[in-house]
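Undergrad: Since the structure of chain A is already known, use the hints to place chain B on it.
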Amino acid sequence: MPRLISPYFLFVLFLLFTFACEDKYELEQKYTYYEPVYTTLAEVRASVKVEPPKEITEAGKIYIKDNWLFVNEVGKGIHVIDNTDAKNPVAKSFITIPGNYDLAIKGNILYADSYIDLLAIDISNKSSIKITKRLEAIFFIYNKMGMGVDPRKGIVTDWKLKESITVSSSKGYTAQPWGGFMFDRGVAFTQSVNAGAAITPGNPATTGIGGSMARFTIEGDYLYMLDGGNVHSVSIESLADPVAKSSNYIAWDIETIFPYKGNLFFGSQSGMYIFDLTDPQKPSQISRYSHVRSCDPVVVEGDLAYVTLRSGTTCQGFTNQLEVIDIKDLKNPVLLKIYPMTNPHGLGIDNKKLFICDGDDGLKIYDATDHLNITANQLAHYKNINTYDVIPFQNVAIMTGKDGIYQFDYSDPQNIKLLSKLSILNK
Amino acid sequence: MRFILLVATLLTSLNIAAQSNLESERLKPYFVGTLSSGVQVGCGNCATGNQLSVSAYFINGLQLTRRFAVGIGVGADSYQQLKTLPLFIQLSEKLVGKKNGLFLQLNAGYAWAWYDRTEYTLPNYNQIGGIMIHPAIAYQIGVEKINLIFSIGFKRQIASYSYRYDYQNFAGVVYNEYIAKSELNRFVLQIGFGWRY
Numbered sequence: 001m002p003r004l005i006s007p008y009f010l011f012v013l014f015l016l017f018t019f020a021c022e023d024k025y026e027l028e029q030k031y032t033y034y035e036p037v038y039t040t041l042a043e044v045r046a047s048v049k050v051e052p053p054k055e056i057t058e059a060g061k062i063y064i065k066d067n068w069l070f071v072n073e074v075g076k077g078i079h080v081i082d083n084t085d086a087k088n089p090v091a092k093s094f095i096t097i098p099g100n101y102d103l104a105i106k107g108n109i110l111y112a113d114s115y116i117d118l119l120a121i122d123i124s125n126k127s128s129i130k131i132t133k134r135l136e137a138i139f140f141i142y143n144k145m146g147m148g149v150d151p152r153k154g155i156v157t158d159w160k161l162k163e164s165i166t167v168s169s170s171k172g173y174t175a176q177p178w179g180g181f182m183f184d185r186g187v188a189f190t191q192s193v194n195a196g197a198a199i200t201p202g203n204p205a206t207t208g209i210g211g212s213m214a215r216f217t218i219e220g221d222y223l224y225m226l227d228g229g230n231v232h233s234v235s236i237e238s239l240a241d242p243v244a245k246s247s248n249y250i251a252w253d254i255e256t257i258f259p260y261k262g263n264l265f266f267g268s269q270s271g272m273y274i275f276d277l278t279d280p281q282k283p284s285q286i287s288r289y290s291h292v293r294s295c296d297p298v299v300v301e302g303d304l305a306y307v308t309l310r311s312g313t314t315c316q317g318f319t320n321q322l323e324v325i326d327i328k329d330l331k332n333p334v335l336l337k338i339y340p341m342t343n344p345h346g347l348g349i350d351n352k353k354l355f356i357c358d359g360d361d362g363l364k365i366y367d368a369t370d371h372l373n374i375t376a377n378q379l380a381h382y383k384n385i386n387t388y389d390v391i392p393f394q395n396v397a398i399m400t401g402k403d404g405i406y407q408f409d410y411s412d413p414q415n416i417k418l419l420s421k422l423s424i425l426n427k
Numbered sequence: 428m429r430f431i432l433l434v435a436t437l438l439t440s441l442n443i444a445a446q447s448n449l450e451s452e453r454l455k456p457y458f459v460g461t462l463s464s465g466v467q468v469g470c471g472n473c474a475t476g477n478q479l480s481v482s483a484y485f486i487n488g489l490q491l492t493r494r495f496a497v498g499i500g501v502g503a504d505s506y507q508q509l510k511t512l513p514l515f516i517q518l519s520e521k522l523v524g525k526k527n528g529l530f531l532q533l534n535a536g537y538a539w540a541w542y543d544r545t546e547y548t549l550p551n552y553n554q555i556g557g558i559m560i561h562p563a564i565a566y567q568i569g570v571e572k573i574n575l576i577f578s579i580g581f582k583r584q585i586a587s588y589s590y591r592y593d594y595q596n597f598a599g600v601v602y603n604e605y606i607a608k609s610e611l612n613r614f615v616l617q618i619g620f621g622w623r624y
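These protein sequence lines are chains A and B, in that order.
Residues 1 to 427 (my numbering) make up the first sequence, in order.
Residues 428 to 624 (my numbering) make up the second sequence, in order.
In short, the hints are calculated from the structure, not lab data.
Backbone N, C-alpha and C fix where the C-beta goes; we use that ideal spot for every residue, glycine too.
One should not assume that every hint holds.
The calculated label-pair distances, taken between Cβ atoms and stated as ranges, are [to be verified]:
#1 A/T166 / B/Q595: 18 to 26 Å
#2 B/P550 / A/K417: 47 to 55 Å
#3 A/K153 / B/N551: 34 to 42 Å
#4 A/S168 / B/F458: 43 to 51 Å
The shape of chain A in the complex, shown without the other chains (with noise of 0.2 Å):
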């Protein structure tokens, strides 16, 4: 009998009374999510500044004006670079805006945005600009990038990562807690900024040259904007004295403006549009030419327009290739030849000379003359380069890639040079 209480018998008793026959579920969840960073928009906008030449640590839009080379730092400014000599471009300054994501320029007159407002900057002096006008909280999309956004904070000029633990006793999907959705960086984007161009045509003479992504173009006395899925008309008859004239709505998911004789071309994930500007307040459709869901810039010359898709994470899809258009009658653009392409980014194209920034695969230079046989006239091929996008200006074709800004020669096209590269300092 003393067996009986021995201390295991005790214990494996207690096992045995301590158990039941239910059985117990958690579940735990664990998330990270970006909560927004706030700064009031007048620090803001008491920021705006000339300062030495930076870095480029991540180049954006570039926009060429006469002999100056214009390009942004993502969120930051732009880098102001004299390029009198393509083979020796010269940092002068940098301009700093918080909020800069992209630009035009007539005149002397730089339009770039901050955030939520519209900047008219005199830059006749490189060294000493002058803001001439504001236009404040015109881009309306940026303060609706999430439902926990509070506008009243200021703006959201940066995002932190949170790590959130929940333990509940049933399965279920829990949102971000800002309740925000997808939006890419500045003024409202839709698709990331790295860059993007191509002649973005206009009287060079007084109006700069951008590129195939641009999200501000300037068409006669009006500088158009993309916010979200609208454009802004912006009246600049008056240079220093822009005026918002119009807003209206295109399609949700357009990424890119590109204006051609008294038209505005639209590019967007699902399509191309073309728009009408009779009345420059009010942008007309004339029509639309659908193609599968994916990145989408778009340049024009004589009656074709060039198409890149691409596949990518926020893209979406899987299409690479290049699209030509007829578009003789706007009324009904004709898909006239599809060539496939690695992975096209900006394109852009002179005098029948199709430059293509195809990702990974490098630059391609194409004699388009024979559109329906681009890829057998191939000019030349600069591999081993991550490339973004390329603005082919009288004879210079100026190019971002992911570590540098190169400057090529092709005023002979059997013999196109590379004539100077920028570094971009990648961190």
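TA: Same frame as chain A, now just chain B:
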């Protein structure tokens, strides 16, 4: 934590018990084996009533004294939503009787878990087993080298699975990870066949 405390208590008490047994009832140790199987009764969703599933053990060990044996076992257990493969230690102490007798058994170890295959469709899916503890009372009907064992006890099995979504947000990569932990409790009835080498 509760299990750690219990196991610590167990080891302490066993040490005392084993020493006591070894000292009082010395025996030349010999190898023993058991093959047993049975049913597990319990409910994942008790609203639908209890459910039956199967369990099987194969144990080899040493009879250290007339009363006390220790062994190592491997098993195959089934639950409604998962299967497990336990690897465990069995401690067995005879309470009363000689050839036939009443035993207390404790099976404790770790079990690897495999959930229903539908769960495999989840991203970054990971199945994690857990501690298995199974105390039981057994009755042995023995002959010279072989015996039959009937046991009744409770089993607690911990298991979990996790899955994780990583996705690109506008500002960087974020993730959403779910860890579903289960504590499975079962009433276990087994019939075993034992032998000595």
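Undergrad: Of all the hints numbered above, which does this structure not satisfy? Sort the numbers upward.
TA: Going through the list in order, the structure violates no hint and respects every one.
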